[in-house]
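K.L.:
Spelled out, the chains give:
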Amino acid sequence: MKPVPASTTEPDGAAGLLVQALRVGELSAVDFSVAPGHILALSGPSGSGKSRLLRALADLDPHEGSVCLGDLRQDGVPGHRWRQAVMMVPADSQWWGDTVGEHFPDGAPEDLDALGFEQDAMDWQVSRLSSGEKQRLALLRSVAHRPRALLLDEPTANLDPVATARVEAWLGDLIKRHRWPVLWVAHDPAQISRMADAHLRIAGQRLEEAPCS
Amino acid sequence: MQLIDLAWWQLALAAALVVALAVCTLLARLDIGKTLLVAALRTVVQLSLIGLVLEALFSVAALPWIALMALVMLLMAGREVTARQKRRLGGGWAFGIGTLSMFVSAFSVTVLTLIVIIGPEPWYAPQYAIPLLGMMLGNTMTGIAVGLDRLTDTVWRQRALIENRLMLGQRWQVAIGDARRDAMRSGMIPIINSMAAAGIVSLPGMMTGQILAGTSPSLAVKYQILIMFTITVGTGFGTLAAVLTASRRLFDERERLRLDRLIAPSR
Numbered sequence: 009m010k011p012v013p014a015s016t017t018e019p020d021g022a023a024g025l026l027v028q029a030l031r032v033g034e035l036s037a038v039d040f041s042v043a044p045g046h047i048l049a050l051s052g053p054s055g056s057g058k059s060r061l062l063r064a065l066a067d068l069d070p071h072e073g074s075v076c077l078g079d080l081r082q083d084g085v086p087g088h089r090w091r092q093a094v095m096m097v098p099a100d101s102q103w104w105g106d107t108v109g110e111h112f113p114d115g116a117p118e119d120l121d122a123l124g125f126e127q128d129a130m131d132w133q134v135s136r137l138s139s140g141e142k143q144r145l146a147l148l149r150s151v152a153h154r155p156r157a158l159l160l161d162e163p164t165a166n167l168d169p170v171a172t173a174r175v176e177a178w179l180g181d182l183i184k185r186h187r188w189p190v191l192w193v194a195h196d197p198a199q200i201s202r203m204a205d206a207h208l209r210i211a212g213q214r215l216e217e218a219p220c221s
Numbered sequence: 002m003q004l005i006d007l008a009w010w011q012l013a014l015a016a017a018l019v020v021a022l023a024v025c026t027l028l029a030r031l032d033i034g035k036t037l038l039v040a041a042l043r044t045v046v047q048l049s050l051i052g053l054v055l056e057a058l059f060s061v062a063a064l065p066w067i068a069l070m071a072l073v074m075l076l077m078a079g080r081e082v083t084a085r086q087k088r089r090l091g092g093g094w095a096f097g098i099g100t101l102s103m104f105v106s107a108f109s110v111t112v113l114t115l116i117v118i119i120g121p122e123p124w125y126a127p128q129y130a131i132p133l134l135g136m137m138l139g140n141t142m143t144g145i146a147v148g149l150d151r152l153t154d155t156v157w158r159q160r161a162l163i164e165n166r167l168m169l170g171q172r173w174q175v176a177i178g179d180a181r182r183d184a185m186r187s188g189m190i191p192i193i194n195s196m197a198a199a200g201i202v203s204l205p206g207m208m209t210g211q212i213l214a215g216t217s218p219s220l221a222v223k224y225q226i227l228i229m230f231t232i233t234v235g236t237g238f239g240t241l242a243a244v245l246t247a248s249r250r251l252f253d254e255r256e257r258l259r260l261d262r263l264i265a266p267s268r
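Taken in order, these protein sequences are the chains called A and Y. According to the numbering used here, the residues represented by the first sequence are 9 to 221, in order. According to the numbering used here, the residues represented by the second sequence are 2 to 268, in order.
Everything labelled a hint here was simulated from the structure, so no lab data went into it. Keep in mind the model is a prediction, meaning the values are calculated, not measured. Please note: incorrect hints may appear among the correct ones.
[Stated by the list, open to error] Coverage of chain Y stretches by chain A, computed from C-beta distances (three or more under 8 Å per stretch; other residues unrestricted):
1) 163-176
2) 252-259
[Stated by the list, open to error] Sample of chain A residues with no beta-carbon within 12 Å of chain Y, all distances over it, derived:
3) T16
4) Q28
5) R31
6) D79
7) R89
8) P98
9) G105
10) F125
11) M130
12) D131
13) P155
14) A173
15) H195
16) A211
17) G212
18) C220
[Stated by the list, open to error] Chain A is nowhere near these chain Y residues, computed Cβ spacing over 12 Å in every case:
19) L4
20) W9
21) L18
22) L69
23) K87
24) Q159
25) P191
26) I201
27) A214
28) L245
For each residue, glycine too, the CB sits at the ideal point set by N, CA and C.
All chains, full assembly: derive it from the sequences and hints.
P.N.:
See the structure below:
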């Protein structure tokens with residue numbers, strides 16, 4: 009991976025993600041950075057700690073080490089402000105309201121149709137959503153909260169090939185446009201070669217660089 | 002009117018009925034006979050002891066002794082609150098939060114009622130203070146125990162949901178808001194229900210007791226209304242305080258949900 013300066017916020021608000029000496033669970037001495045608008049793919053066998061690493065980056069689990077988003081230090085702002093900026097999207101999304109619309113801060117997002125939804129999707133009952141619909145709506149919901157970096161935990165795990173292609177195209181465009189640094193947990197080598205600018209694999213207690221294709 | 006005296010052999014008749022019930026549960030293999038008899042025995046022993054203590058306390062009527070009695074009652078209630086929660090906060094927090102909330106609500110409401118409303122002379126006269134505090138603690142204890150149990154249980158089951166809300170950048174108060182409101186409500190509903198049913202479905206125990214002791218029903222009713230109100234206030238504020246404090250303790254200074262602070266139920 010080529011070294012990228014990631015510790016400052018650029019004038020347009022874009023900022024890179026810089027991780028130094030992170031320790032969480034089995035993983036230790038984790039160092040990496042993601043430049044604005046870049047996607048870093050993360051892979052590894054199940055149970056190797058991919059989700060725990062994302063949870064530490066989102067500051068949901070106690071951990072050691074420092075994480076910065078541009079000028080913003082993880083331990084320099086309250087937890088909710090950090091998580092609002094560095095937003096994790098879990099593989100299995102949770103919904104607390106009855107209808108989809110209650111979970112969106114500013115009403116229906118513009119790009120509903122980009123992911124194959126009609127405008128009335130906001131009135132749908134959450135209890136009747138399929139797992140694929142939930143996953144796509146969870147991505148829309150996270151983006152609607154205006155993050156500045158994304159931590160995606162297998163964002164296309166429950167999707168068929170057509171929906172996967174749609175989500176990849178939409179996310180790829182959005183990430184380039186907003187210049188978000190993105191960490192993308194993926195299993196599929198083909199997806200990694202399509203989407204990622206860099207690829208890290210969990211091997212035992214450390215991260216090792218891996219080819220994208 | 003003089004209260005009719007009860008002899009021990011008359012109580013023995015009632016005890017015989019309890020034994021009969023125990024035999025029936027044994028025959029029906031409900032597996033509850035032993036618990037029933039032990040509880041009945043505890044009633045006899047505990048009440049006899051407290052009778053002796055109260056007799057002594059009433060004859061002394063000194064503030065330090067009454068305060069000591071109140072403290073013991075508070076600590077026992079705190080222990081009971083802790084024992085009634087399935088998953089509870091570790092490190093003494095469950096006991097601490099329960100006891101402190103009861104102290105803040107039940108104690109202050111009792112003292113306020115004694116000084117401002119009833120006004121016995123002196124204000125700590127044990128005939129008034131101890132039964133009043135006992136009723137306050139008994140009900141506040143139930144409300145707090147139910148509220149805390151509901152809070153920790155809900156949070157345990159809704160962990161993924163609450164963490165997903167945190168991931169979206171919500172403050173901890175918002176992320177746990179539904180669970181917190183739910184817990185507060187469930188702690189307060191029993192006392193609200195018993196106010197609504199008072200006099201229609203149930204004749205409250207204290208009023209019944211006063212009427213048995215020869216008080217005119219209209220005065221007994223006034224006392225009962227006072228007690229109902231103070232119990233409701235004590236239970237309500239105690240539950241609010243306990244659930245608020247406990248929900249704060251479920252998060253750390255980084256607003257992370259810390260379920261490792263809960264002790265798993267033994268078994």
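K.L.:
Now, for every hint given, state plainly whether the structure supports it.
P.N.:
Hints versus structure:
no. : hint    : result
1   : 163-176 : holds (count 10)
2   : 252-259 : holds (count 5)
3   : T16     : holds, 23 Å
4   : Q28     : holds, 18 Å
5   : R31     : holds, 16 Å
6   : D79     : holds, 18 Å
7   : R89     : violated, 7 Å
8   : P98     : violated, 6 Å
9   : G105    : violated, 10 Å
10  : F125    : holds, 19 Å
11  : M130    : holds, 17 Å
12  : D131    : holds, 21 Å
13  : P155    : violated, 8 Å
14  : A173    : holds, 26 Å
15  : H195    : holds, 21 Å
16  : A211    : holds, 27 Å
17  : G212    : holds, 25 Å
18  : C220    : holds, 27 Å
19  : L4      : holds, 57 Å
20  : W9      : holds, 59 Å
21  : L18     : holds, 51 Å
22  : L69     : holds, 43 Å
23  : K87     : holds, 23 Å
24  : Q159    : violated, 8 Å
25  : P191    : holds, 26 Å
26  : I201    : holds, 36 Å
27  : A214    : holds, 53 Å
28  : L245    : holds, 18 Å
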